[in-house]
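Protein chains: 2
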Amino acid sequence: MKTQLTEARRGNLTEQALEVSRSERMPPAMLIKAISDGKIVIPVNKKRRGAFKAVGIGGGLRTKVNANIGSSPQRSDTKEELKKLNVAIEAGADAVMDLSIGEDIDENRVQIIESCPRPLGTVPIYQAAREAGDTADFGIKGFLNVLKRQAEDGVDFVTIHSGITRGALPLLEKRLMGVVSRGGSMLIRWMRQSGDENFLYQHYDDILSIAAEYDLTLSLGDGLRPGCIDDATDEAQLHELRVLGELAGRARDAGVQVMIEGPGHVPLGQITENVRLEKEYCKDAPFYVLGPLPTDIAAGYDHFAGAIGGAVAAAAGADFLCYLTPREHIGLPDADDVREGVVLARIAAHIGDIEKNVSGAVEKDRKMSLARSKRDWNEMAKYVIDPQRYLELIGGEEQNDICSMCGELCAVKIYGESG
Amino acid sequence: MKTQLTEARRGNLTEQALEVSRSERMPPAMLIKAISDGKIVIPVNKKRRGAFKAVGIGGGLRTKVNANIGSSPQRSDTKEELKKLNVAIEAGADAVMDLSIGEDIDENRVQIIESCPRPLGTVPIYQAAREAGDTADFGIKGFLNVLKRQAEDGVDFVTIHSGITRGALPLLEKRLMGVVSRGGSMLIRWMRQSGDENFLYQHYDDILSIAAEYDLTLSLGDGLRPGCIDDATDEAQLHELRVLGELAGRARDAGVQVMIEGPGHVPLGQITENVRLEKEYCKDAPFYVLGPLPTDIAAGYDHFAGAIGGAVAAAAGADFLCYLTPREHIGLPDADDVREGVVLARIAAHIGDIEKNVSGAVEKDRKMSLARSKRDWNEMAKYVIDPQRYLELIGGEEQNDICSMCGELCAVKIYGESG
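Chain order of the listed sequences is A and B. If you read the first sequence in the numbering used here, its first letter stands for residue 124, the second for the next number, and so on. If you read the second sequence in the numbering used here, its first letter stands for residue 124, the second for the next number, and so on.
It cannot be assumed that every hint is accurate.
In silico DSSO-like cross-links for lysine-lysine, where the CA-CA straight-line distance does not exceed 30 Å [what the hints assert, rightly or not]:
1. 176/A with 206/A
2. 297/A with 297/B
3. 497/B with 297/A
4. 505/B with 490/B
5. 264/A with 406/B
6. 487/A with 170/B
7. 490/B with 297/A
8. 156/B with 170/B
9. 536/A with 271/B
10. 297/B with 505/A
11. 156/A with 170/A
12. 162/B with 271/B
13. 156/B with 406/B
If you are wondering where the hints come from, they were derived from the structure by calculation, not from laboratory data.
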């Protein structure tokens with residue numbers, strides 16, 4: 124059995140690790156050490172075929188950005204999802220998750236994987252729930268069946284909500300918003316109705332077996348993430364995080380790459396502590412955050428509010444930002460929403476990377492500022508995060524070395540002439 | 124001579140202070156103390172007429188948002204600026220600055236003031252420079268003439284770049300971006316060419332006399348604010364900040380209300396320290412920040428990057444956020460840009476207010492989350508920062524108690540049914 128993790132432990136530089144080492148300018152020995160310590164993961168299924176760029180996620184690397192796509196019961200259109208996929212990749216997403224819960228989930232996924240040149244993630248419990256419908260079939264058997272099928276298709280990483288255990292249930296009573304994770308809510312309903320322990324926790328070893336076989340990276344889901352700032356960093360959330368720490372250790376022991384998902388709705392002042400706790404409980408496993416959203420009242424702009432939290436989280440050490448779109452909490456995003464979401468998350472990630480002193484981050488800003496000091500509009504386009512938007516907005520606004528904002532009263536020009 | 128400051132020192136509750144006390148739910152005695160200590164200002168010119176809502180800015184109050192409007196040499200259209208003004212007010216700006224440098228500055232301003240029900244600020248050095256043109260008339264005489272005229276029209280607060288002194292000039296040599304403040308660059312060119320000290324520093328007492336006469340609040344400008352993250356918190360910036368601290372003290376001694384302007388381009392990790400330094404050097408004078416921008420490469424999205432910095436600054440104690448628009452660094456914003464800029468700055472301010480524990484801030488999020496837990500789309504519209512955008516996006520996406528994102532797999536619904 125070989126995974127990126129077991130290979131790193133043997134001191135072997137895989138093809139994908141070499142690729143990451145080059146793109147991130149991290150010496151191979153340092154990268155191998157970080158992978159074998161579980162601080163960096165390279166999600167790539169052994170069954171992956173076709174164009175693929177290996178992406179490393181974790182400490183010392185550039186902060187990565189994930190874009191969620193996928194159909195909903197209300198809207199199932201594979202073409203539309205493939206369009207979102209392409210838009211996300213063009214806008215610079217480092218990974219994509221297919222969260223489809225509509226029709227034809229299997230075919231949809233196969234097409235998405237074939238078209239996705241970056242790590243592709245899923246949340247298998249969604250499909251398991253769809254296939255079980257309202258029957259009693261929702262359980263470990265159906266889940267493992269879906270997991271195996273998805274792994275066979277080439278999915279690179281999967282969200283697994285094994286960290287919700289019965290011990291957390293009483294802690295939820297104090298919450299304002301209860302549970303806002305789709306997978307989390309399904310499992311809690313099942314646990315409450317059956318009286319049993321979470322089957323993803325009880326049968327975690329079976330999940331690990333499949334993951335090891337395909338080198339499927341586990342993204343341990345935060346089913347109890349807070350759904351409003353009042354619920355942030357509460358006992359229920361921390362209970363799950365401690366369990367995730369234990370499960371992360373078991374994954375590593377099984378040679379399985381693992382990262383940890385995080386909140387959610389968190390006031391700005393608690394974000395750094397949330398990152399610190401994850402790194403402590405989960406022994407520096409890569410931290411994959413959703414937002415965090417530092418306010419609950421930005422609906423319509425949650426992509427923006429989430430990126431504020433994302434920038435602060437990345438600066439504090441979060442490794443992987445899940446984007447939000449303007450339609451978060453409202454409806455299924457379209458391709459424009461996807462583009463906007465990816466760009467904002469990338470800006471947040473870059474702001475974090477400046478603080479992390481990630482290789483090459485500050486240099487971009489420096490080159491941009493040099494170009495700006497020369498009022499060289501074309502040169503600036505090389506360094507901005509979204510050249511397309513920059514060029515659209517600047518169309519006609521610049522005139523030689525000034526722009527329509529200040530005209531001849533350009534501060535940079537006046538200062539340049541001041542001697 | 125009466126100003127909000129001198130009245131507070133006498134223990135008098137002015138009409139405007141009463142209004143602020145009510146809208147902010149701050150007890151009158153506490154507000155009077157804060158105004159007399161210079162920690163809160165209420166910018167309102169004695170000549171102000173017509174509809175006006177008094178706005179307090181400073182410690183313990185809600186973080187305020189300013190929108191810049193104004194013509195440029197390339198684009199002078201009073202109607203367009205009045206449109207931007209209305210859009211800014213409708214979007215929730217707490218104050219507006221008219222930065223016009225185009226044609227008919229005087230008439231433009233008179234119309235803007237008449238239509239502006241919030242504090243209106245200007246940067247008089249712009250008009251002084253336009254009127255002097257390339258002649259030797261640029262100096263204190265022309266400046267005081269403009270200042271007096273603007274005060275007579277009813278301007279409520281003015282940016283005054285008195286803090287740039289000759290001592291700072293050698294410190295600029297080390298900079299990558301030099302000086303990016305319009306007023307700052309004009310004064311430095313004048314200082315270098317004349318060999319004299321900054322006339323706004325030398326004749327500061329004359330400025331204070333006019334300010335006291337009209338109760339014109341001074342916003343001491345940061346002419347040496349960093350123009351790229353490499354230049355942040357450097358010796359030149361701190362030199363000016365120390366001078367501003369001295370000038371703030373002299374303003375208070377003269378009964379003049381004063382706030383301090385701040386950066387600019389600042390890496391995320393230096394923002395909190397920038398706020399702390401301002402509060403220390405300027406004895407808790409209200410801090411009015413432009414951004415800050417934690418990256419230089421977000422052109423096209425600087426309103427967003429600036430609001431990331433703004434949220435962190437507000438959380439650290441900044442009192443007043445100057446918005447940026449998508450066209451910052453690129454061209455003159457239009458009305459849509461203004462709207463977007465105001466909303467993003469308001470979200471940033473609110474995120475800061477949650478951390479500051481400003482009266483009423485957390486309650487909004489709590490009410491929103493309660494409505495969300497009931498999937499009550501109409502109720503949520505009452506609490507979101509931008510109901511117009513929310514209602515636009517939600518149009519048709521919601522169906523009874525679910526939305527097109529998750530359909531029946533709505534986590535909130537499933538959890539609600541889990542017993």
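To see whether the hints hold, each was checked on the structure:
1. 176/A with 206/A: holds, 19 Å
2. 297/A with 297/B: Not OK: residue 297/A and residue 297/B at ~56 Å, beyond 30 Å, violated.
3. 497/B with 297/A: holds, 17 Å
4. 505/B with 490/B: holds, 9 Å
5. 264/A with 406/B: violated, 66 Å
6. 487/A with 170/B: Violated, at about 49 Å.
7. 490/B with 297/A: Judged against 30 Å, a Cα distance of about 16 Å means the pair holds.
8. 156/B with 170/B: With Cα atoms ~25 Å apart, residue 156/B and residue 170/B stay inside 30 Å; holds.
9. 536/A with 271/B: holds, 29 Å
10. 297/B with 505/A: holds, 25 Å
11. 156/A with 170/A: holds, 25 Å
12. 162/B with 271/B: holds, 26 Å
13. 156/B with 406/B: Status holds; Cα separation ~14 Å.
Checked against the numbered hints given earlier, the structure breaks hints 2, 5, 6 and satisfies all the rest.
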